[in-house]
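Protein chains: 2
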Amino acid sequence: MKENIVAGVDLGGTKIYTAVADLKGRILAEIKAPTEAGKGIDFVLGKIAATVKQASKEAGLAEIPAHLGIGAPGPLDPQRGFIYQAPNLGWRDVPLKSLLEEALKVNVTVGNDANLAALGEFCFGDFGGGSNLIYVTVSTGMGCGLILNGELYQGADYSAGEIGHLTVEPDGILCSCGNRGCLETIASGTAIARFAKELAQQGKGTDILKAAGGAKEGITAEVVSRAAAAGDREALEILNKTGRALGLGLSYIVNLLNPSLVILGGGAMKAGPPLWQAMNFELSRRAIKSNMDKLRVLPASLGDRSGLLGAVASAIQASRL
Amino acid sequence: MKENIVAGVDLGGTKIYTAVADLKGRILAEIKAPTEAGKGIDFVLGKIAATVKQASKEAGLAEIPAHLGIGAPGPLDPQRGFIYQAPNLGWRDVPLKSLLEEALKVNVTVGNDANLAALGEFCFGDFGGGSNLIYVTVSTGMGCGLILNGELYQGADYSAGEIGHLTVEPDGILCSCGNRGCLETIASGTAIARFAKELAQQGKGTDILKAAGGAKEGITAEVVSRAAAAGDREALEILNKTGRALGLGLSYIVNLLNPSLVILGGGAMKAGPPLWQAMNFELSRRAIKSNMDKLRVLPASLGDRSGLLGAVASAIQASRL
Chain A
0 MKENIVAGVD LGGTKIYTAV ADLKGRILAE IKAPTEAGKG IDFVLGKIAA TVKQASKEAG
60 LAEIPAHLGI GAPGPLDPQR GFIYQAPNLG WRDVPLKSLL EEALKVNVTV GNDANLAALG
120 EFCFGDFGGG SNLIYVTVST GMGCGLILNG ELYQGADYSA GEIGHLTVEP DGILCSCGNR
180 GCLETIASGT AIARFAKELA QQGKGTDILK AAGGAKEGIT AEVVSRAAAA GDREALEILN
240 KTGRALGLGL SYIVNLLNPS LVILGGGAMK AGPPLWQAMN FELSRRAIKS NMDKLRVLPA
300 SLGDRSGLLG AVASAIQASR L
Chain B
0 MKENIVAGVD LGGTKIYTAV ADLKGRILAE IKAPTEAGKG IDFVLGKIAA TVKQASKEAG
60 LAEIPAHLGI GAPGPLDPQR GFIYQAPNLG WRDVPLKSLL EEALKVNVTV GNDANLAALG
120 EFCFGDFGGG SNLIYVTVST GMGCGLILNG ELYQGADYSA GEIGHLTVEP DGILCSCGNR
180 GCLETIASGT AIARFAKELA QQGKGTDILK AAGGAKEGIT AEVVSRAAAA GDREALEILN
240 KTGRALGLGL SYIVNLLNPS LVILGGGAMK AGPPLWQAMN FELSRRAIKS NMDKLRVLPA
300 SLGDRSGLLG AVASAIQASR L
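So the sequences go chain by chain: A and B.
Per numbering that gives the first Met the number 0: the first sequence = residues 0 to 320.
Per numbering that gives the first Met the number 0: the second sequence = residues 0 to 320.
Where hints are given, some of them may not hold.
Just a few of them, taken from the derived set where beta-carbon distance is under 8 angstroms, the chain B residues facing chain A [to be verified]:
| no. | residue |
| --- | --- |
| 1 | Tyr-152 |
| 2 | Gly-154 |
| 3 | Glu-161 |
| 4 | His-164 |
| 5 | Leu-247 |
| 6 | Ser-289 |
| 7 | Asn-290 |
What the hints contain is simulated information worked out from the structure, not anything from laboratory work.
Just so it is clear, CB atoms sit at the ideal spot from N, CA and C, and this is done for glycine as well.
Model the full assembly from the supplied sequences, consistent with the hints where possible.
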C-alpha cells in the first residue's frame, strides 16, 4: 500500500465520489459512480472498494493507498466510524469503518459529510486564511460543519451544526424532528419544491408548472430556480422566502460564533441572485454590525468537490498520526 | 512581587470585586468596593489598584502578585487589553491593560466579563468534566461565554457569544442594536421590569405595584420575581414569557454547538422555578433530541464569583506563558 498517497470518498444517497490524492491534496484520479443504495449495504461497500481500486489504477499506482477517508450522511460516531442512521441510504446502525477496513485492509476514517465539506473548504479552499469557517449546505435538507480556532468542532456528542433544526417560525409547519418551523422546512430544496407544488395545487404558479413540463410531480427546486431566472414573480417569491429564512438562520451563527467566513454549498444555493440577495438582506438586518464587519459569505470554492476533498484531508490527517 | 500568587478583578458597573489566589485558584483574600464610575477613569483605576494592594495585604503578602487578570464589560480587544465601549462605566476607548500595568507594574490580562465567567466555571466549577461549556448571564442585559474543545472561543473579532441579539421575535420591538425582537428585549432584567411597568401604565399589575411599594419607578426584575413567588398571576406570566424566550435562544446554542453544559448566571436567573421551568419547556421543545440527551442546564456553581474566578484563571494562564 502506498504510504504517501491517500484516498477520499464522498458517499451520498445518489452517487459515490472517489479520489486518490497526494499528501498536499492534489487529486491524481477521481471517479463517480451511482450509489444504488437500494441494492443493499454489501453492494454499496463493494462499489466503494471498486472505485478506490479503479482510481488507484488510473493514478498509475500498483496498490491502493494505506489511508482512506470517507464522508457519509449522519448522524454517526466518527470515533467508531459507526453510522446510526442514514435515511437517504436506508442504513441504520452500520459499522462502516470496520466493514471497509475488513474489505480493503486499509486504515479508514469516517466523518459526517457536512463536517468533511467544511474541512475540505478550510484545507483546500481559496479564501486566503482565517481560522474560523462555517460551511452550510442547502440541498434536499441542510447540513453544517464548523471549523473553530482552526479545528473541526463536533460538539459533546458529534452532533454540532444542526442548522436545519433552528426554529425560524415558532408557529410554523411541523418538521420531521417534531418541532415546528425548523429552518429546513423553509430553506431546503425539498421546501422550495413543496412551496411550488402548493401553488400548483391552488391553480397558481402556472409558469413554474410550465417549466416542469406541465406535471406537478415534475416540480423541483431546480425547476423553480429556472422559472425565477426567467423572471416569474411567483418563483421569485418562493426564493425570497427561502433566502430570508436562510439569512435569519445564518444570523444565529454569525452572532454566536463571529466567524470570518461562511461558505454556502449544496444544490439549492445554485438558484442564484434572487436567493443570495434575500439571504444577504435578512442576514445584514439580523446579525449585529460588529460581527458583520469582517464577515465574508461566499459560495463553496471547491464546487461539488468540498466533501470529497474533506475526505482526502481527513485521510491525510490520519496518515500523520 | 509574588510569582506563585495571582490577583483577579471583576470590574462591574456597580462594584469592583478583587481577589488574591494561589495557582490552584484557592482564594486567599477578597474585597468588594463600589465602582463609583461617575468619578472618572483615574478614580476607578486607583480604586482597582487599592483593592489589589489591600487584598494582598489581607492575604499576608509583603508585595502584590506579578499577574493580574481583570474581567471588564465589552466590547473589548483582549489582545491589546483595550476597551472599545463600556456603557455601564461610561468608558470609550480605554487602554485598560497599559494603564493598569503602568499603575501597578505587574502583568495585566484583560478579558470580557462573560468570557471570564465561562472560564471561571470551567476551571473551578463543580460539574465533573466535559470539554464544552456555555455560560449565559441574564442580568441588566445578556452575556455569553463559550468554552469549546476545552478552550475559550472568542471568534474572529473577539465578538462571539452575542446571545442577547439573537432574533426571537422577527417583528418584535426595536433593540438598541437596530434590529427587532432581539432576545435581550425579552430575556433580561430590564425587559422584565419594562413588561411590569407597561402593565402598571395600563392600570394592571396591582400586586406587582404593591410589591414595589406603590411607585411605578420602584418596579424592578427583583420586585416582579418576588410577586411571582407570592403567586401573582401577572408576574408569573411575565416570567413565563421571559423564560420561554430564553429557552428558544438557548435552543440555537444547543442545536449549533451540542454542548454538554449550559450554565446560567446573572441576577435575573434568581427569579427561580417559574423562569427556569418556562426556559426548560421551550428549550426541550425547540432543540433536537440528540443534542438534549446529554445536556445539563444548571445555575452557576460559583454564584457571583464566576467572573472573579475566571479573572483569577486568566492570570494563572498568563503566569504560565
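Going down the list of hints, with the structure as the test:
no. : hint    : result
1   : Tyr-152 : holds, 6 angstroms
2   : Gly-154 : holds, 3 angstroms
3   : Glu-161 : holds, 4 angstroms
4   : His-164 : holds, 5 angstroms
5   : Leu-247 : holds, 6 angstroms
6   : Ser-289 : holds, 5 angstroms
7   : Asn-290 : holds, 5 angstroms
Comparing the model with each earlier hint shows no violations; every hint is respected.
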